[in-house]
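Q: Sequence:
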Amino acid sequence: MNMSIRQQLEAHEQAWLSPKASFSAATKGREKPINPCDLRTEFQRDRDRITYSRAFSRLRRKTQVLISPHGDHYRTRLTHTLEVSQIARTIARALRLNEDLVEAIAMGHDLGHCPFGHTGEYALNSLYPRGFYHSYQSVRIVQCLERGGEGLNLTYEVRDGILKHSKSYTRIIADDLNAMPETLEGQIVRIADSLAYINHDIDDGIQGGILKQEDLPRELLDVLGHTLGERVGRMVQGVISETQRVNLERVVMCPDLLEPTEALRKFLFDNFYLTPTVNREADKSRRIVIELYEYFLEHPGQMDIRLFGLVPHDDLPQLVCDYIACMTDDFALETYIQAFVPKRIA
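Quick note on the UniProt record's numbering: the sequence shown kicks off at 1 and runs consecutively.
The set of hints was computed from the structure by calculation and includes no laboratory data.
Treat each hint with caution, since some may be false.
[To be verified] Derived DSS-like pairs (lysine-lysine); straight-line CA-CA distance at most 30 angstroms: (1) Lys266 <-> Lys167; (2) Lys266 <-> Lys284; (3) Lys212 <-> Lys20; (4) Lys212 <-> Lys266; (5) Lys28 <-> Lys167; (6) Lys20 <-> Lys32.
[Unchecked claim] Just the calculated beta-carbon pair ranges, DEER-fashion: (7) Lys212 <-> Ala263: 48 to 54 angstroms; (8) Glu294 <-> Trp16: 51 to 57 angstroms; (9) Ala94 <-> Lys284: 29 to 35 angstroms; (10) Ala26 <-> Ala179: 23 to 29 angstroms.
C-beta: ideal position from N, C-alpha, C; glycine also.
Let the sequences and hints guide you as you build the complete structure.
A: Now the structure itself:
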């Protein structure tokens with residue numbers, strides 16, 4: 001009997017990938033079993049489900065760092081996602097790990113981000129009784145919010161990678177192994193996320209006039225590279241070579257590059273993310289999220305939850321939290337204006 005294209009792809013994985021890779025035919029599965037596809041492996045199906053989701057399409061109008069910047073070349077949450085995917089796939093391919101799984105995790109890792117980026121996340125976290133974290137919200141979206149409450153029904157490996165990608169202020173490679181994704185592919189995305197934003201945020205900071213090239217620590221650039229391309233290339237090579245050296249026991253980065261990468265990340269927190277220029281706009285955005293949350297708790301009938309395919313239920317704080325988290329920057333601002341700014345009467 002002829003093998004289907006999916007079966008041929010699964011056979012190719014067995015023949016080509018490292019024994020330590022995650023094989024699509026050996027996935028831990030989905031919460032709701034489905035019939036296999038003749039054309040795509042399970043991880044390829046997950047990637048496609050994420051790419052065609054409504055949450056993914058909204059990423060193009062969500063903040064990366066700079067809120068509503070003037071110009072066409074600043075990163076959004078969507079372009080960040082694509083850069084993470086590119087870096088992660090390059091690493092996975094070199095290590096002969098499952099590139100499809102890496103891509104699926106990368107494409108879904110930031111689906112739960114609020115309007116105004118981390119500013120909106122911190123605002124909701126301070127308000128919502130059970131706390132709000134974008135990584136948990138990303139999993140919530142793929143499990144129970146998309147497709148009118150059905151969720152995307154993704155494989156366990158993809159959900160685990162999405163859940164454990166976030167680092168906040170902790171080190172890029174966690175000392176606590178329980179904080180790291182179970183699969184090597186998920187660990188790749190966690191590292192690629194940092195490598196992507198460290199480098200493209202420098203680019204955006206310089207473009208926005210908040211950073212200057214001459215202000216970047218020269219001692220770090222001499223090691224990592226003086227251009228975005230040089231830095232990404234050396235960092236990626238540092239991940240590949242060190243992970244090979246430890247025989248793929250876990251995904252790591254050579255210390256000679258990891259320490260300056262961490263130092264460059266700290267430089268960005270001190271000189272970009274937490275600067276008065278960025279925080280001034282962040283304070284305004286935080287106020288928008290806070291006031292919308294309080295407003296919808298008092299006026300739940302003003303939420304048009306159908307716009308995001310949300311299903312009504314009795315947990316109002318959760319529903320308000322989901323509704324605001326789904327908003328793009330522009331939609332949040334327009335909603336705020338409608339709720340709080342008086343209309344001019346002709």
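Q: Compare the structure with each hint and give your call.
A: Hint by hint, here is what the structure shows:
no., hint, in the structure
1, Lys266 <-> Lys167, "13 angstroms, holds"
2, Lys266 <-> Lys284, "24 angstroms, holds"
3, Lys212 <-> Lys20, "43 angstroms, violated"
4, Lys212 <-> Lys266, "16 angstroms, holds"
5, Lys28 <-> Lys167, "25 angstroms, holds"
6, Lys20 <-> Lys32, "26 angstroms, holds"
7, Lys212 <-> Ala263: 48 to 54 angstroms, "18 angstroms, violated"
8, Glu294 <-> Trp16: 51 to 57 angstroms, "54 angstroms, holds"
9, Ala94 <-> Lys284: 29 to 35 angstroms, "43 angstroms, violated"
10, Ala26 <-> Ala179: 23 to 29 angstroms, "24 angstroms, holds"
In this structure, the hints that do not hold are numbers 3, 7, 9, in rising order.
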